[in-house]
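Colleague: Here are the chains, one letter per residue:
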Amino acid sequence: MNEDTQTLATAVLKQVRKVMDPELPFLNIEEMGMLRDVIIEDEHCVVIITPTYSGCPATDVISEDCLAVAKAIDPRAEVRIAMSPAWTTDWISDKTRVKMAAHGIAPPVGQSHDRAFLTGDNRIIPCPTCKSTETKLISAFGSTACKASFTCVSCLEPFEHFKCI
Amino acid sequence: MLSQRLGEWCGHAPILEEDIALTNIALDLIGQTQSYLSLAGNHLDKSQTDDELAFHRDASEFQNLLLLEQPNGHFGDTIARQFLFDVYSLLKAQHLADQTVNADIAAVAAKAIKEIRYHSDHSSKWIIRLGDGTSESHNRIQQSINDLWKFTDEMFMCDDSDNAGIEIGLLPDYASLKTVWFSRIKDTLKEAGLTIPENVVMQTGGRKGQHTEHLSIMLKEMQVLPRLHPGAIW
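Those protein sequence lines, which keep their order, are chains Y and W.
The opening position of the first sequence corresponds to residue 189 in the numbering used here, with each subsequent residue numbered one higher.
The opening position of the second sequence corresponds to residue -16 in the numbering used here, with each subsequent residue numbered one higher.
Watch out, some of these pointers could steer you wrong.
[Unchecked claim] Residues from chain W that keep clear of chain Y, each with C-beta distances beyond 10 Å, as calculated:
1) R40
2) D81
3) H105
[Stated by the list, open to error] Okay, the calculated bits of chain W under chain Y, using three or more residues with CB under 8 Å as the criterion:
4) 13 to 23
5) 90 to 102
6) 126 to 133
It should be emphasised that the hints constitute simulated quantities derived from the structure, not laboratory data.
For glycine and all other residues, C-beta sits at the position ideal for the given N, C-alpha and C.
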């Protein structure tokens, strides 16, 4: 890789970082851990992204958005979907988790490789509104593939929890 | 197939949470199938896309399990079908993720496992809830299991291509897969106070394109748009 292509990759990275997740519009794809890398192949940029869930419809929108901003800098740029390693909530940083909670979504708790975290069983998911730890799982499925539905026993507010996978 | 069936529940499930759950599961299954069909399409002599494979094949060209094309019936029927399949699907995906013959398939399977665990957890809990619920729910879910049991043997049938896959280690050994599947199904049914049906005459044929009459009716609805307007996009 020569200096020019390296500069190109850095410029593309700077822009694709700003692409937002359409289903969590306050988070960008880097904060979501979906943006894996921008590499140079045959002297053009390849943006590598990893989908959160196999069937997540946001993946298509995100690919198109990434391609549009990348092409504005490098007309030959392409977007590649990488399935491996599979996306995990471990790639969501602590800072992002705080941001999620501030927007009313209970962030994933702990690390994904703990089997018990999968369904939220026996885990304390604090209410993002009143911070109460008295909450209960309503359904392991929510408004999007990545979220489960909870309700707070203390303030009775329903809320969503970002599942650990 | 199962995804299409689950999608039929959209707006019709007994409670809102289940409406969301069943369609979420459908979405995961579509994603997984798309990934697998894309890989399959690339390997065919005449390169075909996942959409071509899904929307431009007739019933006799589909090799899906008969279990998955069965109508939704009532909620218990849907849960029973899901439960029998989820346990199998998870075991199979675990093997596909671990095998080292094809890295692309392993990557798709590793992703799928995370999703199927949720599905399996969901359907198993419902089996227990319904089996251990009222006498009405108990009797109905037992009947659902009884009705669908005849389609379970097909999951473990080997044709030449299966045998070729097993030989190279791509596919799991179906006999041991069946043993593990059976014991997991048995454990959950036991916890639910339900029993495994006995002396059932098994029905197979899906792998050879011999389907129940339900498939062509379902495909008619699923494929109508791409067939009327080939290449349509939105």
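Colleague: A separate judgement is required for each hint: does it hold in the structure or not?
Modeller: Evaluation of the provided hints:
no.: 1; hint: R40; in the structure: holds (21 Å)
no.: 2; hint: D81; in the structure: holds (13 Å)
no.: 3; hint: H105; in the structure: violated (6 Å)
no.: 4; hint: 13 to 23; in the structure: holds (count 5)
no.: 5; hint: 90 to 102; in the structure: holds (count 9)
no.: 6; hint: 126 to 133; in the structure: violated (count 0)
When held up to the earlier numbered hints, the structure conflicts with 3 and 6 and fits the remainder.
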